[in-house]
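Asks: Now for the letters of each chain:
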Amino acid sequence: MSENLLEVSGLEKHFPITKGLFRRQVGAVRAVDGIDLQVRSGETLGLVGESGCGKSTTGRLFTRILEPTAGKIVFDGKDISHKSFSQMRPLRRDVQMIFQDPYSSLNPRHTVGSIIAAPLQIQSIPTPQGLKKAVQELLELVGLNPEHYNRYPHEFSGGQRQRIGIARALALRPKMIVADEPVSALDVSIQAQVVNLLDDLQREFDLTYVFIAHDLSVVRHISDRVAVMYLGKVVEIAERDELYKNPRHPYTVALMSAVPVPDPARRDRAQRERVLLTGDVPSPINPPSGCRFRTRCWKAQDICATEEPPLVTRLEDPESHQTACHFPIVEDEQVVGRRPASTPA
Amino acid sequence: MSKERPYLEVKDLTIRFETDDGIVQAVSGSSFTLEKGQTLGIVGESGSGKSVTSLGVLGLHRTRSNAKVTGEIWLDDEELITATDEKVRLLRGGKMAMIFQDPLSAMHPYFTVGSQIVEAYRVHHPGVNKKVARERAIDMLARVGIPQPERRFHDYAHQFSGGMRQRAMIAMALVNDPQLLIADEPTTALDVTVQAQILDLIRDLQEEFGSAVIMITHDLGVVAELADEVLVMYGGKIIEKGPALDVFQQPQHPYTWGLLGSMPRLDRDVRDRLTPVKGTPPSLINLPDGCAFHPRCPYAGRNGNRSFTDVPLLRDAGLGGPHLVACHLPPEERTKIFQQEVLPNL
Chain B
1 MSENLLEVSG LEKHFPITKG LFRRQVGAVR AVDGIDLQVR SGETLGLVGE SGCGKSTTGR
61 LFTRILEPTA GKIVFDGKDI SHKSFSQMRP LRRDVQMIFQ DPYSSLNPRH TVGSIIAAPL
121 QIQSIPTPQG LKKAVQELLE LVGLNPEHYN RYPHEFSGGQ RQRIGIARAL ALRPKMIVAD
181 EPVSALDVSI QAQVVNLLDD LQREFDLTYV FIAHDLSVVR HISDRVAVMY LGKVVEIAER
241 DELYKNPRHP YTVALMSAVP VPDPARRDRA QRERVLLTGD VPSPINPPSG CRFRTRCWKA
301 QDICATEEPP LVTRLEDPES HQTACHFPIV EDEQVVGRRP ASTPA
Chain L
1 MSKERPYLEV KDLTIRFETD DGIVQAVSGS SFTLEKGQTL GIVGESGSGK SVTSLGVLGL
61 HRTRSNAKVT GEIWLDDEEL ITATDEKVRL LRGGKMAMIF QDPLSAMHPY FTVGSQIVEA
121 YRVHHPGVNK KVARERAIDM LARVGIPQPE RRFHDYAHQF SGGMRQRAMI AMALVNDPQL
181 LIADEPTTAL DVTVQAQILD LIRDLQEEFG SAVIMITHDL GVVAELADEV LVMYGGKIIE
241 KGPALDVFQQ PQHPYTWGLL GSMPRLDRDV RDRLTPVKGT PPSLINLPDG CAFHPRCPYA
301 GRNGNRSFTD VPLLRDAGLG GPHLVACHLP PEERTKIFQQ EVLPNL
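As given, the protein sequences belong to chains B and L, one line each in that order. The numbering of the first sequence is this note's numbering, which starts it at 1 and goes up by one. The numbering of the second sequence is this note's numbering, which starts it at 1 and goes up by one.
It should be emphasised that the hints constitute simulated quantities derived from the structure, not laboratory data. If a hint is listed, it holds; no wrong ones were tucked in.
Simulated crosslink set (DSSO-like; lysine-lysine; CA at most 30 Å straight-line):
#1 L/K68 x L/K36
#2 B/K132 x B/K175
#3 L/K278 x B/K132
#4 L/K68 x L/K11
#5 B/K299 x B/K245
#6 B/K133 x L/K278
#7 L/K278 x B/K175
Looking at chain B on its own, in the form it has when it is part of the complex (with noise of 0.2 Å):
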């Protein structure tokens, strides 16, 4: 359990920004701005942050999809960081994705036979009784009707168009899965099946799973660790339910009591607890110097411009929880009800 399938460091992904007929870069977009992450074999990564935070951009460079601008991306003990396509081919076999929109990631002139049988055929797999029944199998594991197999996407509601998605992805029995935002297109009964699927493929399977999502309680559920991020960092990471019971960076606070919870009983309490963060999530072109949630913590001093907090483990924390900011809230702190000062002008 505590060998590393996937280990990276200082991993950046700068998209540039270009204008005029040259295309002269003016800037740069900086989703994900230095991250060192080891994913364990056998364990549910999990990556939770606002829309803009760099979680989906990360999950590309653990696939691979993007190149990064910098750092380096181990996996399985082989430095795969600026590998070019086709030097990436015979690896795509131990790492696959699940995408977030099961409309957008099928083909729609492709049967789902053949949209499950594409990465079998590609990576040359032998399939002794067939390739077809190797698909049916597939979507017999996944919860499918095998007979489904000359069906078209569009003859499946969305919950079931996931389970093609995560049919195409186990195909080639991969290690290591990252699936990003697999259920939040999903209705909430829908959601729950594909989430207990997810758990039966891995245990079935002994799959590393890199889980994306922005739903903290969806993370929780499925994760053994959780990373935290925010503008292209990571804040904040532990173990499931160490983080859970003792977050230490504010934002992982705030972001927590902003879950509303399904009790009418306790709203008054949540409503008290809350801690509303103003404003929006700055530019990812331009973030804040120092520390980059400093412009809307309502602890930050002077020390959080100037300078940028790294990401360690705090004394009194197991080893495994590390926070990267110069303030963490200590144990009985009181945040309760701490609403910070006002809207920023």
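Once you've looked at the hints, dock chain L against the given chain B.
Replies: Quick look at chain L alone, frame taken from chain B:
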């Protein structure tokens, strides 16, 4: 005006659409009431009829020739289904207003946000000159927490961030002091921190203006935050209805159990497995016979075959309160199942 009728009363509302594939039974026989200052939460999955109900109240189906609407909708002692188009047009945006899920498609891309708010105001206040309307619009933008409203007044919708755009739409909906505000998934497209801001804003504004709010959402958490009363819809019908506290603490319908079982919750310990409803929601063109939920209900056979043939009526859940449920299970058995089989897994 006599004040015997509730502020909003919907009676036996049925909405059907005739399509090439058949008749879509979007809403069948919905009845509910809402008083000023109160919030009604309507919960359901896609295709449960929750949005169509709200569009029906606003009379937005009127332009569609294939829509058949029957029943009664009383708003402040006026019946809306039989009212003239002109009458409804004056109410819409005035006395009743709506916040949509996606503000980018609800706002015009070619006009500035400010000019759209001004237009909404002047339509309902014909005598008002531009300058006064402009001040009113800027005032509303400031009220919903948009920084530098004078400057933002001249911006287009695409220049706003998601949360700010949602605020601008709320400003537009509230510019005429509506007494009835319908919010259709107002926070679904937003991040949790922004969602918390918007829910807070809706709550504050409701306190300030005393309006009646209908909150439509699939998120039980959002409903628990705001609603006084909750309707759960399935297959175009209301299947459970009651005070929010009762519905969440003693849910009565197996579908409501399934919805609660589907949600991982931050306020409870991590469960090993979620306990969702099996299967998928029914097509509204071809609803199952009997109880529309029976193909997905684990308890459908427990009480004879009535679930397969008879449509259960919405009636007293047997808890001695205003809690209603449409289920064939006898109250004692329902309570027993909930306590023994469902609650331990929630």
